[in-house]
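Asks: Given next are the chains, with one letter for each unit.
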Amino acid sequence: MFSGMILDPGWRQDDFERLRDDAVNYLEVALRGQNDEELAKDVLCSRVYAGHPYERHNAGTASSLHALTVARVKEFYLAQFAQENLTIALGGGFPAGFESRVRRDFAVLPLKGRNQGELPAAPEVRANELYLVEKAARGVAISLGFPIGVTRGHADFPALLLAASALGQHRMSSGRLFTRMRQLRGLNYGDYAYIEHFPGGMYTLEPLPNVARRRQMFQLWVRPVDREYAHFALRLALHELERFVRDGLTPEEFARTRSFLSKYVNLLLKTKLAELGYAVDSDFYGTAPYPEYVRAGLRELSLEDVNAAIRRHLRWEGLKIVMVGEGMTEMRESILANRESPMTYNSPKPDEILAEDEVVMRRVIQVAPENAVVVGVEQVFA
Amino acid sequence: MGQHDVFAYEYEQHDFANGLRLITVPAPYPEVVSLYIVVQAGSRNEVEEGRSGFAHFFEHMMFRGTPEYPPERYEAVMQETGASSNAYTDDDRTVYHSTMTKEDFERVLAVEADRFQNLAYPLEGFQTEALAVLGEYNKDSAEPVNKLFEVLRDTAFDTHTYKHTTMGFLRDIERMPQMYEYSRTFFDRFYRPEYTTLVVAGDVRADEVLAQVERHWGGWVRGSYECMVPVEPPPGGAREAHIEWPTYTLPYVMVAQRAPAFSDESSEGAALDLIGFLGFSESSPIYERLVIEEQSVDLLWASNADHVDPYLFTVMARVKEKERVGAVREAVLETLCGFAEAPVDGQLLANVKSHLRYRFALGLNNSEAIASTLAHYVSLRRTPETTNKLYRLYEAVTPADLQAVAAKYFGEAGRCVITLWEGGR
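Chains as they are written, first to last, in this note's numbering: chain A, 1 to 382; chain B, 1 to 425.
Just chain A, same shape as in the assembly (with noise of 0.2 Å):
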């Protein structure tokens, strides 16, 4: 069944407009009406990679998928499906022979796809650009980054990865940003960082293999905020951020994050299907498998090293900014002007946290009027 749909498509007139429908209403109905937060994070990628191949949505824009034909389609197969571009992982208890069969099988695709030219690098991105979405929403769904030269393979990346988990591991509650922001402020329900393209994010509270790519982005996800505290939010963040890569780790985060990143990387590959997933992707970055990959890498770190990486590779301007929410043409207003953010709270808060909260809404965030843009959401991937 697996070897039919890869080598002999259907190419059904009726199935392919069902699932052009389908993808168009991912993007119009999943995407831009109900999911605000996965909406700004793929708004913030599109706008990290503007004019490089990566802009592109993977399911399309609306229009681009009206305009699509099975011709089309099938033009695409036969260009791409080649051998060269093909890795087939296999696991588990298959039976002798098998192994052959399916290299025999797959042999019937070309050796070579069309040729698809270098990947070019991301382009730089030196100022903040803000990016608002219009949406009718209860709060205020806030995505930032922008692109690194770090991808796994790279010297860096393991101190990189440990820089990450230390800020913010993904729906965990051990990063920084999760206990300044949610822990101590209770500003929205988690905050978390990332080195790597992490699509689905809300669905997985581990990362997942198999969407490997060969440019990466530094990303912050902020969840959504009460509109009333999405200038503030956004301010906590980038004071956090710099925070971050001007003082970079303690000591003691240092031991307790590469002690975490050690163990946890034996957790991820807990099925046959994960440990599959995981070898393809070494395959791609070429680098050892990835548990062994990780322990090594962090094993040799100092807190230096991972200091030095941070300051090499991370940093708190020349950002790309996202935010998915109502009254986006007066958030731009407020951001602009950089007006004071006060923020107010339901319970007495430590005398620290109240003096941080006068700098921070204080915070300037430099952007020019000409990179601050609101759009409509059914402008977005249309």
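Any given hint could be a false lead.
[Claimed, not checked] Straight line, CA to CA, 35 Å or less: simulated DSBU-like cross-link-like pairs of lysine-lysine:
| hint | chain 1 | residue 1 | chain 2 | residue 2 |
| --- | --- | --- | --- | --- |
| 1 | A | Lys270 | B | Lys102 |
| 2 | B | Lys389 | A | Lys270 |
| 3 | B | Lys353 | A | Lys270 |
Source of the hints: derived by calculation from the structure; they are not laboratory data. Only a predicted model underlies this, so the values are computations on that prediction, with no experimental measurement involved.
Fit chain B to the known structure of chain A by using the hints.
Replies: Only chain B this time, still in chain A's reference frame:
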């Protein structure tokens, strides 16, 4: 373990004097251990007016520290262990789970024991956490299916606590910061050994786990609270509600029928599970017709979700055009009633049973999957044996049983239909 048991692992089940139960499943997956702490209290237990959403809120409070482990220390310890940990709440349960390498198991077990016995948080932490819960409601509020469930339950139930979702009514969530005293009462009532079962699966020896649990959890004091959940009166006729959604969406229709409580003794629930699959899965005739051929629907599913008390058999369809909502609703109702009118093919039924059985067994392919699957059943019957009993019930269901259960539960009297489409801006 019997020869034909669907739960194919040996396990040890032990009751401590204080009422705590321990279920240990030594599993053939090296180095890793999964710990699931199952509290048999969820939003079903929110019996007092104005307290909807409290069980879930309380789950958040469990991360707010004890005298020995304030939140920063708890986080530091858990981080050092490399444990992957989280928690969730639903109608009938609150579950705290961690998966870790075996060398850290006892440390995690001890820290967890401490917070279940000695939780102590200040008013300030309580009020801050209430905001994080509101943040969670806000993030979920963009999704119409959450609203559909909120309205479905509110419409379908009059007195039972299933009337509200686990997240709770917004008006109650907004009042949470004022419920500090009640939170202590909630802890005192439900965070007790007689409400709690520990499920441990992985690279462990049952005797060692028993000694470790005795050491850290043995001194926990039994409580005395019995939760009286109001009984829902029999349904008095079909109900409907409609939701106008403020942003762009495709229309939805949800058809629900009152259904029996989970049982591993009566086959009614098992028969409804099978109807859910036969009637509405991707291989069903209605899916073929509406999704593949007519292409008037792009999402279709049915669920007979296990519940401690009688709940709902629910079918949901997302319809591509508003004009088709009525026809889709009729098609769903015809499919449901069709099960009462004519028997299904015996071979087809046998195939579905086999599919469900293999799907269940193949899903238990790592320690975390074993523990998380058991956590669900343990919150209903407190023993893995209930899975074996349930799958024996599936085996015994006949085409005539499906007809009988459809005739009994798919009548108009127990029906609730909710629609949602864009409008009302």
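Asks: Any hints this thing doesn't respect? Which numbers, in order?
Replies: The structure breaks none of the hints.
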